[in-house]
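Trainee: These are the residues of each chain, in order.
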Amino acid sequence: MYQQLKDKNFEIISVAQDTGGVKDARPWITAAKPTFTALIDEKHLVSKLYNMVNVPTGVWINEKGRIVRPNEVAFVDDRFKTFTGMDSAPYLNALKDWVDKGAQSQYVMSPEQLKQKLSSNDPNIALAAAEFGLGEQLYSRGHPSEAIPHFKEAQRLNPKSWNYKRQAYLLGDAKRDYGTTFKDEVEKIGGSKLYYTPPDLPGSTRKDPKDQQK
Amino acid sequence: MQPKHLAAVVLLMVMGVSLAQAKETRATIVYDDVATEISSADQQPGQLWITTGDLTRSMQFEVKPQGVCRKELCFPIPKTRKQAFLHESSGKQWFNLLAFADLVHQPVAHDEALATWYFGQRSDQRQMLTSLEAPNFTLPDMEGKLHSLADFRGKKVFLVTWASW
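Sequence order for the protein chains is V and G. Per my numbering, the very first residue in the first sequence carries number 1; after that it's consecutive. Per my numbering, the very first residue in the second sequence carries number 215; after that it's consecutive.
If we strip away everything but chain G, and leave its shape as in the complex, we get:
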């Protein structure tokens, strides 16, 4: 191989490495069954970093001194592992969604080709059933009018699913 070719190969390799280090690409985050497009996400094996602004936009969670919170629900970040959750770069604060999912025992399904991440139910959501409290939901009828299970409090309810299939 001629020296100039070798130099080109080395240059390409260096570029490849730097690209792998800061690979900010678009991604789709699905949280609570709502999809949000993220224009710059850093997706690496076992890590998915988005800005804390995008965190709030896609998941309604905020990073606060006491932890990662949505209204009164708060998950403290383990102090010794803070760098696995948060880091600052290019003037923004970044948050690792996969570390958070692991912390709250939340299953994550991923489609690599379509850069889509689906976050399932956290363990606090799954454990609601054993409290025997019927999980609330809000769904439309055929005309699009929304109904919540909670609207029927004070009545006995027979909840029954069916499907056209």
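So that you can see chain V by itself, here it is in the shape it has in the complex:
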């Protein structure tokens, strides 16, 4: 995809949210041989700054450095299609449309829509980020078991964040430390097809699986 678009004044920045840093992210980046900018974010700074709760999450930023489409699930290939039931094509087409048409693209959101989606004045979410940050600090400074109560507190304060669950599970033993597993958690919400909320694309024919069940 990038090869087609990169001459159109367009850049992809992929950011790995891995507390394990280069050690955990390197095999994946090496395998992908990216021609785009691939960055490592041990402290989950980007998720913190943009209030992201899962991966992959995409944000569109225009030439002036302004957000024109905020956080949403962003699959650019179909590697995980059997798990998510989500086809990447509509999202990719939307992205190409924006690269071609810019502000005229139907996928660019109005400032009002954006503000509504981006506003977060929930103090619990901010505190959850601090608890998670403390957990990461303790973990990376050699105190993995002391990190666990803080990861748990982050999960309790912001239960919507899959980032807080999955990263914490990876750093320890999910069953032993948290009494659960990723699989159990996905089953709790009704299975992997409900794990991601599909991107809200105008003209998209794909229905939200939650609606299909009704």
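The set of hints was computed from the structure by calculation and includes no laboratory data. Nothing here was measured: the structure is a model prediction, and the numbers come from that model. Among the clues, some could well be false.
[What the hints assert, rightly or not] Once the Cα atoms are required to be at most 16 angstroms apart in a straight line, the calculated EDC-like pairs of lysine to aspartate or glutamate come out as:
{"hint": "1", "chain 1": "G", "residue 1": "Lys-369", "chain 2": "V", "residue 2": "Glu-63"}
{"hint": "2", "chain 1": "V", "residue 1": "Lys-33", "chain 2": "G", "residue 2": "Glu-347"}
{"hint": "3", "chain 1": "V", "residue 1": "Lys-43", "chain 2": "G", "residue 2": "Glu-347"}
{"hint": "4", "chain 1": "G", "residue 1": "Lys-369", "chain 2": "V", "residue 2": "Glu-11"}
{"hint": "5", "chain 1": "V", "residue 1": "Lys-64", "chain 2": "G", "residue 2": "Asp-355"}
{"hint": "6", "chain 1": "G", "residue 1": "Lys-369", "chain 2": "V", "residue 2": "Asp-87"}
{"hint": "7", "chain 1": "G", "residue 1": "Lys-306", "chain 2": "G", "residue 2": "Glu-276"}
{"hint": "8", "chain 1": "G", "residue 1": "Lys-370", "chain 2": "V", "residue 2": "Glu-11"}
{"hint": "9", "chain 1": "V", "residue 1": "Lys-152", "chain 2": "G", "residue 2": "Glu-276"}
{"hint": "10", "chain 1": "V", "residue 1": "Lys-117", "chain 2": "G", "residue 2": "Glu-347"}
{"hint": "11", "chain 1": "G", "residue 1": "Lys-369", "chain 2": "V", "residue 2": "Asp-100"}
[As the list claims (entries may be wrong)] Ranges between beta-carbon positions, derived for each pair:
{"hint": "12", "chain 1": "G", "residue 1": "Gly-305", "chain 2": "V", "residue 2": "Lys-175", "range": "52 to 58 angstroms"}
{"hint": "13", "chain 1": "V", "residue 1": "Pro-123", "chain 2": "G", "residue 2": "Gln-297", "range": "23 to 29 angstroms"}
{"hint": "14", "chain 1": "V", "residue 1": "Thr-197", "chain 2": "G", "residue 2": "Gly-281", "range": "40 to 46 angstroms"}
{"hint": "15", "chain 1": "G", "residue 1": "Asp-316", "chain 2": "V", "residue 2": "Trp-28", "range": "40 to 46 angstroms"}
{"hint": "16", "chain 1": "V", "residue 1": "Ser-119", "chain 2": "G", "residue 2": "Thr-294", "range": "50 to 56 angstroms"}
{"hint": "17", "chain 1": "G", "residue 1": "Gly-368", "chain 2": "V", "residue 2": "Ala-32", "range": "25 to 31 angstroms"}
{"hint": "18", "chain 1": "G", "residue 1": "Thr-294", "chain 2": "V", "residue 2": "Pro-149", "range": "53 to 59 angstroms"}
Glycine included, C-beta positions come from ideal geometry on N, C-alpha and C.
With the hints as your guide, set chain G onto chain V.
Mentor: Chain G alone, transformed into the frame defined by chain V:
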């Protein structure tokens, strides 16, 4: 209880009280995700006092006449509550980080056993998103070379996160 034992107990109690009053211990302050070791901090419930020198060292904030400042960013200290923020003792000026965090609506996570304090995002940092300005960040690539979002100004950017987990 024999009088001399009683005296010993009283002495211990007095010592206990004086220790509680000036309990300067080490602490780790994490600000903007950077950890700084503080050799003498006064940690009490709801209060965390460090010297103004350590304030600058750990947080790059300075106490100035107009407030607590970092470059052009300045938070005035409420005049009527100044003693909750600042006091002088043993020839140094001390600053209460928890009063400041409260003032700037900043969440604080604390690990008591490891005396580690993590300061989250201030409300001015959190509100940046609703300005629709994409928050800038600087991160390394696999070779350690740093890249900033701001470097790509003038291009459309598709920012996408992922993880190995």
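Trainee: If a hint holds in the structure, say so; if it doesn't, say that too.
Mentor: Do the hints match the structure? See the list:
1. G:Lys-369 x V:Glu-63: Status holds; Cα separation ~5 angstroms.
2. V:Lys-33 x G:Glu-347: Status violated; Cα separation ~31 angstroms.
3. V:Lys-43 x G:Glu-347: 21 angstroms, violated
4. G:Lys-369 x V:Glu-11: Holds, at about 7 angstroms.
5. V:Lys-64 x G:Asp-355: Outside the cut-off at roughly 23 angstroms; violated.
6. G:Lys-369 x V:Asp-87: 27 angstroms, violated
7. G:Lys-306 x G:Glu-276: 14 angstroms, holds
8. G:Lys-370 x V:Glu-11: This hinted pair holds, its Cα atoms lying about 6 angstroms apart.
9. V:Lys-152 x G:Glu-276: 34 angstroms, violated
10. V:Lys-117 x G:Glu-347: Cα-Cα ~14 angstroms, so holds.
11. G:Lys-369 x V:Asp-100: 12 angstroms, holds
12. G:Gly-305 x V:Lys-175: 52 to 58 angstroms: The hint (52 to 58 angstroms, Cβ to Cβ) holds, given that G:Gly-305 and V:Lys-175 are roughly 54 angstroms apart.
13. V:Pro-123 x G:Gln-297: 23 to 29 angstroms: 26 angstroms, holds
14. V:Thr-197 x G:Gly-281: 40 to 46 angstroms: Holds - the Cβ-Cβ distance for V:Thr-197 and G:Gly-281, about 42 angstroms, lies within 40 to 46 angstroms.
15. G:Asp-316 x V:Trp-28: 40 to 46 angstroms: 41 angstroms, holds
16. V:Ser-119 x G:Thr-294: 50 to 56 angstroms: Violated - the Cβ-Cβ distance for V:Ser-119 and G:Thr-294, about 32 angstroms, lies outside 50 to 56 angstroms.
17. G:Gly-368 x V:Ala-32: 25 to 31 angstroms: Hint holds: Cβ distance 26 angstroms, inside 25 to 31 angstroms.
18. G:Thr-294 x V:Pro-149: 53 to 59 angstroms: Cβ of G:Thr-294 to Cβ of V:Pro-149: about 37 angstroms, so the range 53 to 59 angstroms is violated.
Hints 2, 3, 5, 6, 9, 16, 18, counting from the list given before, are not met by this structure.
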